[in-house]
Every structure is written in structure tokens, then in C-alpha cells.
Amino acid sequence: MSTRHSFVVGLAFGIGLVMAGSAAGYHTRFIADNCNSAPPTPTPFITREGSATVALRARYEGYQWAGGCWNDNDRDDSPNDPHEDPGTGGEGGDCSGFTFKVWRESLVTSDAGFEQWGMLRNVHGPYTAAAFKAGTGAPNVTVSKASLVKMDALASDGHIGLIYATNPDGTDQIIEAKGEDYGTNIWTRAYRGNSSYTGVRRTGWSP
Amino acid sequence: MRRHSLERRIVSPLAGIAAGFALASLLAIVVATAVARPSTAVPGAVFDATHLPPLLTLPGERVRLVYDVHCAPDGIEDPERGCAAQGVVHIRSGANGQFRALPLEPSSADGIRQLTATVPEKIAADSEGFEYYAELRGADDGERLLVPGGGADAPHRSLPLLDPTDADLGRHVFGEARRGTRILEAPWGEGPASVGLEPGRTFPAIGATAFDVDENGSVLVLDEAHRRALRWNRDGMGPATVALSISGRLADIALGDDGSIYVLESVAAPARTPVVRRFDAAGRALGVVETAERGPAQLRIGPNGPVVLQRPSHQWMPVGETNSPIEPREQRRKARAGRPVRSGGEVVVLRRDGGILAALVSNGKVQRSWNVASDTPLGEVQLAEPIGRRLLLIVRTFTDSADEFVVLVLDRNGIVTQFSTPTDEWAEAAPLTRFRIAGSRLYRLGSDSSGVFVDRYDPGAS
Amino acid sequence: MHVRARGIGTLVAIVVFTSAGGCAQGNSPPTRLVDGSPARVPTVGLVAPKPQIVTKAALVRPSRAPRHSLAGKCVSESHHHPMGSAVVVRVGTTGSSVTFRTGSGLALVGCDGDASGKRAALSFCGGAYARLERGRLSDPRLDLAGCTTTSGDTVAFAWFQPGPKTSSVAVRQGHYVEIYPVVGRIPVRISTTENIAAQDSRATFDVSEHDASGALLRSSVLEARVAG
Chain A
6 MSTRHSFVVG LAFGIGLVMA GSAAGYHTRF IADNCNSAPP TPTPFITREG SATVALRARY
66 EGYQWAGGCW NDNDRDDSPN DPHEDPGTGG EGGDCSGFTF KVWRESLVTS DAGFEQWGML
126 RNVHGPYTAA AFKAGTGAPN VTVSKASLVK MDALASDGHI GLIYATNPDG TDQIIEAKGE
186 DYGTNIWTRA YRGNSSYTGV RRTGWSP
Chain B
2 MRRHSLERRI VSPLAGIAAG FALASLLAIV VATAVARPST AVPGAVFDAT HLPPLLTLPG
62 ERVRLVYDVH CAPDGIEDPE RGCAAQGVVH IRSGANGQFR ALPLEPSSAD GIRQLTATVP
122 EKIAADSEGF EYYAELRGAD DGERLLVPGG GADAPHRSLP LLDPTDADLG RHVFGEARRG
182 TRILEAPWGE GPASVGLEPG RTFPAIGATA FDVDENGSVL VLDEAHRRAL RWNRDGMGPA
242 TVALSISGRL ADIALGDDGS IYVLESVAAP ARTPVVRRFD AAGRALGVVE TAERGPAQLR
302 IGPNGPVVLQ RPSHQWMPVG ETNSPIEPRE QRRKARAGRP VRSGGEVVVL RRDGGILAAL
362 VSNGKVQRSW NVASDTPLGE VQLAEPIGRR LLLIVRTFTD SADEFVVLVL DRNGIVTQFS
422 TPTDEWAEAA PLTRFRIAGS RLYRLGSDSS GVFVDRYDPG AS
Chain C
80 MHVRARGIGT LVAIVVFTSA GGCAQGNSPP TRLVDGSPAR VPTVGLVAPK PQIVTKAALV
140 RPSRAPRHSL AGKCVSESHH HPMGSAVVVR VGTTGSSVTF RTGSGLALVG CDGDASGKRA
200 ALSFCGGAYA RLERGRLSDP RLDLAGCTTT SGDTVAFAWF QPGPKTSSVA VRQGHYVEIY
260 PVVGRIPVRI STTENIAAQD SRATFDVSEH DASGALLRSS VLEARVAG
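Chains as they are written, first to last, in this note's numbering: chain A, 6 to 212; chain B, 2 to 463; chain C, 80 to 307.
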């Protein structure tokens with residue numbers, strides 16, 4: 006093999022190494038470039054109306070496993086994330102992180118008070134979907150599914166979504182962070198009647 | 002000689018690797034910089050509304066039109082500092098004539114800001130029903146929202162049920178569900194006869210999200226994880242594979258009368274609405290059209306082609322006729338409250354507290370209607386299909402720990418047939434895709450931990 | 080989930096720090112497990128810092144699990160069926176747990192218990208569910224929302240996937256090492272009150288794996304975050 010040939014082989018190998026490394030170590034700059042760890046703003050009260058606003062501002066944003074940071078530009082700024090990797094640094098909450106911020110909960114599970122988290126504050130909160138389903142933590146209680154109203158939630162062992170509206174055919178419009186291939190949006194779902202799902206309500210809403 | 006050999010074997014390749022590394026890294030940085038966009042940190046304005054239209058009413062009822070209106074100003078992140086909205090409802094008796102304006106009054110319920118109006122008694126009691134649409138405006142008379150989206154061109158239609166047949170389900174007894182005849186099953190997996198699960202690590206898995214059955218009894222199951230459909234013939238032989246260029250993601254599927262395959266995607270490209278794709282029987286792409294609204298919920302075949310139940314308007318809109326797509330604006334114009342059925346006419350259903358109202362409608366008039374009551378909560382209506390002058394109605398019934406589907410055949414006297422089926426939804430499917438009817442037979446899509454299956458029932462209606 | 084190997088130098092540093100810390104602070108390891116039973120030293124000592132406490136681990140056939148036992152309650156409350164799979168019940172110094180694979184083999188179900196487990200009315204304070212990809216766990220499903228010690232400190236649970244030759248998983252718990260025997264060839268549900276970052280809803284577990292003779296196979300740090 007000539008010197009030039011061996012250099013070219015090495016060059017190709019080097020390029021291949023970087024590409025393989027990039028694929029294995031996918032990492033967007035979204036969290037690093039945009040998100041913060043600012044403290045929340047304690048809030049004396051919350052309304053379902055206010056939480057609907059928080060949820061609607063997350064609509065059309067991305068989804069990030071273990072995530073909780075998004076902007077409001079109506080697009081997923083880190084599309085095609087590898088599935089369920091907390092290290093990908095992408096935009097969006099996951100289903101439970103999204104619910105935590107919409108419900109404006111505290112990181113302290115014994116505290117049922119109200120904390121307003123900034124959109125760009127990267128926070129997930131201590132609850133998984135399973136924890137919400139069990140009504141774990143002071144702010145979360147399980148309630149009868151037939152009684153659920155807007156901004157209440159339906160939670161299964163692995164997913165949680167918030168009721169946005171009820172439909173004439175008995176389904177609900179659910180606003181949820183559904184997955185990397187879905188992002189955060191509103192879809193028609195039949196969670197309410199599904200026995201895998203439990204009704205969950207945030208405590209302390211103001212009328 | 003030795004030095005040249007060393008250079009060839011070690012130094013040159015190492016230099017090449019280093020150069021390759023540097024070149025690829027530089028390229029990655031350049032590309033990343035080029036595609037990076039500054040993100041918006043300022044919260045945008047919010048203006049949205051939800052409304053549950055009283056598609057069907059009972060005599061003597063006071064009818065209120067209620068709109069949940071969500072309004073928040075630009076630039077203020079505190080969500081409790083929302084903005085007040087205002088609006089007016091344009092309403093008319095029947096389906097003709099001038100609309101008159103009714104102001105919407107502010108109110109609230111459960112901490113949600115609402116705008117409401119009571120339908121004047123004379124209009125609410127009109128035997129022709131009434132039509133209406135709302136015009137909502139955000140803060141400072143800014144953004145305008147029509148509900149439904151077609152406005153005066155395709156308003157909401159409310160029909161009175163002057164003499165509905167009562168059907169009382171009482172309290173549902175769980176545990177007596179009927180399984181049906183298994184006509185096909187396919188395991189989860191990656192093989193040619195297996196159905197895939199969408200990648201991901203959470204519960205529940207998503208797979209085999211929809212199916213349809215043609216008039217010959219051939220069954221098509223959407224294996225979206227593998228970007229294909231699987232077809233079994235009426236004798237259960239199969240599956241044959243039909244590759245489809247789809248994104249999948251809780252998609253719905255419907256078989257056209259000419260053998261076309263339609264797929265409704267549920268996830269849209271940024272700033273677009275979801276699409277309906279058309280393929281021939283072999284899977285060749287024939288066309289694609291965007292839905293008019295952001296939240297299409299269900300895809301079916303009407304008398305003239307595919308129709309989609311679209312939200313937030315809650316209207317059925319045709320997306321194709323005579324093999325030509327219908328563009329979004331025209332979809333809106335042709336929107337209807339009821340699902341147009343192949344046999345003509347429409348089916349309208351409304352789930353309300355304690356029950357369901359259902360009607361067969363023709364030429365804008367209720368031909369037959371039912372008032373189904375239940376002591377056990379009712380969930381979604383999975384299927385409402387006329388069979389002659391009867392109605393096949395399938396609805397989920399549930400408690401906090403159990404659920405089943407209730408299959409009803411209703412005639413002018415009440416319940417002709419009633420039985421329940423298990424829900425069998427180990428994997429998540431599209432929400433309203435669990436049942437199909439072909440001829441006089443009923444088909445149910447189900448899944449368990451081993452795979453997907455289709456069971457067939459004979460509801461006994463003719 | 081992020082598991083990173085620790086170098087031998089780090090291991091030595093931790094051993095030194097732990098030894099020095101233990102002597103300097105005079106902390107003694109717990110004498111009881113959360114169910115009140117005595118905390119025992121392992122019969123085969125691990126190549127790991129001391130003192131070492133071995134947790135209880137048992138494989139239970141679900142058909143033989145009394146309804147009111149930890150295994151029986153977890154299976155019935157989770158509404159998932161282990162089918163032919165055995166159920167692993169663990170009792171440690173900070174928490175107890177039940178883990179089983181569902182009959183399909185596609186999912187792992189866990190129930191987490193805290194100090195209240197020793198009381199007559201058994202109840203779980205948390206749980207976890209995970210899909211398995213080709214039989215392997217891809218997220219440790221950290222749970223730190225509902226379980227506490229009797230003094231109110233948060234107890235965090237996570238699954239750790241042991242290697243094929245691992246007989247014991249050892250978790251550094253500050254001034255002692257807690258040993259989890261590997262049983263049933265399913266991920267090991269470990270718990271801790273150390274290294275929990277509530278602000279970030281994450282926990283870090285300092286783990287080593289050992290063969291049947293106690294020899295060190297590998298060390299790693301499991302960084303787990305609440306997700307899903």
C-alpha cells in the first residue's frame with residue numbers, strides 16, 4: 006500500500022469514527038444553550054385556566070425523556086431524538102415532567118403549594134407517571150374518572166395526559182407530551198374509559 | 002527502506018485518521034452552527050377555545066352554548082394574568098335564512114373562563130333544529146376565532162329528537178364479555194408475519210393501531226411500526242404485506258370501495274396539519290392531502306370517498322371525492338355534524354352525562370333516534386352504524402377498575418341485541434378504531450401480550 | 080440512565096475516604112433491615128469496603144405467595160401478571176422491593192416499600208414499570224417520590240442490570256456497603272438515602288459487581304433521573 010493510499014484509508018477511518026461517535030452520542034444543544042435552573046416563583050393560587058395557558062404554551066414543542074424545558078416557538082427544536090435517553094439534551098418535557106410544570110408543583114413532595122416554573126427552567130419534578138397514578142405526593146389525589154374535568158389527568162403505569170376538552174363521541178381531547186416521535190400536542194384519546202388509566206387531580210385549584 | 006516502510010505502515014495512516022477526525026469535527030460544527038436557531042424565550046400569546054356542541058337535544062331542554070376560552074397576552078409568562086375574550090353567536094332556526102347575533106356573556110366554571118349564551122326557547126324548540134357558529138375575539142379585539150372553523154359556510158347543526166326510543170342499560174355487569182370467533186392473529190415481532198411495536202420504553206406499547214375489513218371479508222391491519230399493512234383474506238389466510246410510505250404514529254386506516262388504502266396520520270409537520278395518504282391496493286402512493294384542522298380523530302369511507310372527523314370543530318369533513326383530494330378550505334365548507342354513511346344519510350351521536358343520544362339523519366331530518374341511558378358511566382362511542390332501519394351502537398362502559406365494550410342493536414322499540422366484549426388493549430391503538438362492520442358481521446381489533454388479533458361477531462341483526 | 084465505570088484509582092480513593100470517614104465520624108451501620116430483622120454480614124465477604132451488610136432476597140412463586148405478603152400484594156395491586164416468572168422480594172436497610180417480569184417478558188414491574196413495611200399493614204410507597212428491550216432494561220426507573228425513612232429522609236429506588244457473571248451487587252451507602260444478591264436473573268432493585276439531588280430529581284448509586292467468590296468484577300456509577 007502506498008503512503009498516499011494509507012493516508013486516504015486513515016482519513017476515511019477518521020471520518021467514520023467521528024460519524025459513529027456522533028450517532029452514538031447524539032446530543033442537541035437545546036438544554037445547554039437555552040435552559041436554566043432558576044428558582045420557581047411561589048404563587049398564592051392557581052386556576053385551571055392558568056394551567057391551561059401553561060399547557061398551551063408547551064403545545065407543538067418537543068418531548069425529552071426526563072425533560073422539562075421548552076420555549077414557545079411552536080416547533081420541536083430537537084426533532085428525531087433517540088428514544089428515552091435523558092442525555093440527549095433536547096427540548097420538551099416528558100409526560101410526567103410536562104404535568105409537573107402545568108400543575109405548578111413543588112419539588113418537595115410533602116408540599117402541596119404552588120410554584121410557577123419558567124418555561125426555560127429545566128425541571129422534571131419527582132413524579133413519574135406511575136407516581137401520579139398512585140396519587141403520590143401532597144398535591145396529587147386520585148379521583149373517579151367519571152368526575153374528571155379540564156386540567157385533571159388520566160395516568161397509567163407509564164403515561165399521563167391532561168384533559169383539555171370532552172368530545173361529543175365521548176372521547177377526550179388530551180394535551181400530553183406523548184413521545185419523541187409525537188412531541189407535545191393535543192390529540193383525541195380514549196384514556197378515560199380504559200381501565201389501565203386512573204383519574205388524578207391536582208389539589209388546591211382556585212375557582 | 003525501513004524508514005519509508007514505517008512511514009507507510011504507521012505514520013501515514015495515523016496522520017490520515019487525525020486529519021479525518023479534524024475534518025469531520027469541523028464539518029459537524031459548521032453544520033450545527035448553520036442549523037442552530039435562536040430560541041424564543043418570550044411566551045407567546047394564547048388564544049384558543051373549546052366547545053361541546055349540543056348536536057342532539059331532547060324536547061323541552063334549555064340549551065346553553067358554552068365556550069371555554071383560553072386567552073393569555075404576549076410576553077407575560079405568569080399564566081394567571083390572562084386576558085378577557087368576547088364573542089357573539091350567530092344562530093338561526095333550521096338550515097336556512099338569516100343568522101341573528103346573540104352576545105356571549107362571560108362566566109366561569111371550575112376556574113375556567115367561559116363565554117355562554119342560552120338559545121332562545123323558540124329556536125331551541127324548532128322541529129328543524131338550529132344552526133350556529135361563534136365568533137370569538139381575544140384581548141383588545143385582536144385575534145379572531147370562528148367556532149366551528151367553517152363559520153357560516155358550515156355551522157354547527159343541532160337537531161331535536163322529538164320522539165326518541167328509550168333504551169336503558171341499567172347497571173353493567175362486568176365479566177360476561179363475549180369473545181367472538183378468532184379469524185386472525187399475529188405475534189408481536191419483526192418477522193414477515195409479525196406486527197411491530199413502536200420503539201420506545203414506556204407503557205403502554207403502541208402497535209397495530211387500526212384495521213379495516215372489505216365487503217369480501219378481507220382484513221387489513223395497519224402495522225405502522227413497520228410502515229406497512231398486513232392483509233388476510235376472508236378465510237384467514239395470510240398475511241400478505243403491503244408496504245406503505247407512512248410516518249405511522251397512532252394512524253388510522255380505511256379501505257376505499259375501489260381497493261384504495263387511506264391512512265390518516267396523527268402527527269403533523271411543524272406549522273402544518275396532519276395528512277391523509279392514499280395508496281392503491283399494492284401500496285403505491287396515489288396522493289396526499291392535509292386535513293383542515295389540527296386534530297383529526299377518525300377516518301372512514303363515506304358515500305363519495307374518505308371522510309375525517311376533525312377537531313376542534315367536531316365535524317365530519319370529506320377529504321377526497323372521486324379519487325381527487327379535497328383541499329382544506331373546501332373540506333371545511335362541506336363539514337357535517339354527522340358521519341355520512343355509504344348507504345346514504347348520516348349518523349349523529351352525542352355522549353352526555355348518564356347516556357348517549359343517537360340519530361339516523363337523512364336530508365337534514367331525524368329519521369329515527371334513541372336515548373340510551375346507563376347507570377354505569379359510558380365512555381366513547383366506538384361505532385355507530387345503521388343496519389337498515391336499525392342502529393348498531395358500540396360504546397365503552399367503565400368503572401375505575403374495569404371496562405368493556407357494549408354492543409347494542411337498536412330498533413324503533415328499543416334493544417334488539419345486547420352483549421359485551423372485552424376491551425383487549427394491551428397495545429395502544431388509535432382511539433376509535435376498534436370495531437368495523439362488513440356486511441352483517443362485526444369485527445373487533447384486540448391485542449394482548451403475545452400479539453394482535455381480530456375477532457368476528459354476528460350481532461344477529463339483518 | 081447513565082452508568083459509568085470507575086477506575087481502580089477512584090475505587091481506592093473511595094475505600095480510603097470511606098474508611099477514614101467511618102473512623103472519623105464513628106458511624107455504625109444499621110443493625111436492622113426495614114422489616115425489623117437483623118442486618119447480617121455476608122458469609123462470603125466481598126472485595127469492597129467494610130462494613131458490609133447483606134440484604135435479604137428471595138424468589139417467590141406467585142402462585143404460592145400469600146395474598147397479604149409483599150409479593151402477593153405487589154402482584155395483585157399492579158394488575159400485571161408474572162405468569163410463569165418468579166417474583167423477587169428484597170428487604171434491605173433503607174427499603175424493600177418486589178420485582179417481576181411480566182409473562183410476555185416485555186416488561187418489568189416493581190413495587191417499592193419503606194420502613195413502614197415492617198408494620199402489620201404492608202403497603203407500598205412507590206412503584207415502577209419498564210419495558211424491556213431484548214430482555215434488557217434501558218432505564219433504571221428511578222423512584223424517589225413517595226418513600227422515606229422513619230426520620231423522613233427520602234429513599235430512592237432504581238433498577239440495576241447486573242452482568243452475566245455477577246452474583247452480588249454492592250451499593251455504597253455512605254459508611255457501609257449494602258449487598259444485594261442476584262437472584263432470578265432480573266435487574267436488581269437497589270435503594271439508597273445517599274446522593275439524592277432533589278433539585279434535579281436524580282440520584283447517584285455507587286455500585287460494584289462481584290462474582291460468587293466475592294471478587295470484584297467491575298465498578299460503576301449509576302446516574303438515574305426521574306422520567307416517564
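None of these hints come from the bench; they were simulated from the model.
Fair warning: there could be bad hints in the mix.
What the hints assert, rightly or not - Here are the in silico distance ranges between beta carbons for each label pair:
(1) A:152 - C:163: 53 to 63 Å
(2) C:262 - A:117: 32 to 42 Å
(3) B:272 - C:147: 50 to 60 Å
(4) C:162 - A:146: 49 to 59 Å
(5) C:122 - A:152: 49 to 59 Å
Built from N, CA and C at the ideal position, the CB exists for glycine as well.
Hint by hint, here is what the structure shows:
Taking 53 to 63 Å as the suggested C-beta distance range, the pair residue 152 (chain A) and residue 163 (chain C) does not conform, at roughly 39 Å. Distance hint for residue 262 (chain C) and residue 117 (chain A): a CB-CB separation of about 39 Å, consistent with the stated range 32 to 42 Å. At roughly 56 Å, the beta carbons of residue 272 (chain B) and residue 147 (chain C) sit within the given window of 50 to 60 Å. Between residue 162 (chain C) and residue 146 (chain A) the Cβ separation comes to about 33 Å, which falls outside the hinted range of 49 to 59 Å.
Between residue 122 (chain C) and residue 152 (chain A) the CB atoms are about 55 Å apart, so this pair conforms to the stated range of 49 to 59 Å.
In the structure shown, a violation is registered for the earlier hints numbered 1, 4, in ascending order.
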